[in-house]
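Model the full structure from these sequences, guided by the hints.
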Amino acid sequence: MADNKTITSPTQYNVVNAKWDTCLDLSLRRFVYGSFGGALAGLLLFRSPVTRWASVAFGAGIGIGSAYTQSQQLLSSSQSSSVKEN
1 MADNKTITSP TQYNVVNAKW DTCLDLSLRR FVYGSFGGAL AGLLLFRSPV
51 TRWASVAFGA GIGIGSAYTQ SQQLLSSSQS SSVKEN
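Each residue of the sequence shown is one higher than the one before, counting from 1 in my numbering.
These aren't lab readings, by the way, just hints derived from the structure by calculation.
Mixed in with the good hints, there may be bad ones.
Claimed, not checked - Simulated pairs of lysine to any residue, SDA-like, Cα-Cα distance not exceeding 20 Å:
(1) Lys19 x Leu75
(2) Lys19 x Ser66
(3) Lys19 x Gly65
(4) Lys19 x Tyr68
(5) Lys19 x Gln73
(6) Lys19 x Phe31
(7) Lys19 x Thr51
(8) Lys19 x Ala54
None of these values were measured; they are calculated from a predicted model.
Spelled out as structure tokens, the structure:
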């Protein structure tokens, strides 16, 4: 009467979801910290508003780039571990 179906464990999905949450949190934090660092550097080093905004954009770009690199490493480690399990 009852079909024997294989059900994947929910813990596998919880691990992937936790890693995505970590990547999102890391990206948001590094974007904000990079923007603040760029704003501080712009206030201390530059007089023109255009160069100050460029400094903020540069800091935000560095923050997003470093978050992307670390998130890519984190997520690729989860894919390689799921391939080993199958």
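Against the structure, the hints come out as follows:
1. This hinted pair checks out: lysine 19 and leucine 75 have alpha carbons roughly 7 Å apart, not beyond 20 Å.
2. For a cut-off of 20 Å, the pair hint linking lysine 19 to serine 66 stands: about 16 Å separates their Cα positions.
3. Under the criterion of a C-alpha separation no larger than 20 Å, the hint pairing lysine 19 with glycine 65 is consistent with the structure, at around 18 Å.
4. Proposed proximity of lysine 19 and tyrosine 68 is supported: the alpha carbons are some 13 Å apart, at most 20 Å.
5. The suggested pairing of lysine 19 with glutamine 73 holds, with an alpha-carbon distance near 11 Å, which does not exceed 20 Å.
6. Simply put, lysine 19 and phenylalanine 31 have alpha-carbon atoms about 18 Å apart, close enough for the 20 Å limit, and the pair holds.
7. Our distance criterion of 20 Å between C-alpha atoms is broken by lysine 19 and threonine 51, whose separation comes to about 36 Å.
8. As the CA atoms of lysine 19 and alanine 54 are separated by approximately 32 Å, the hinted pair breaks the 20 Å bound.
Going down the numbered hints, you'll see the structure goes against 7, 8, while the others check out.
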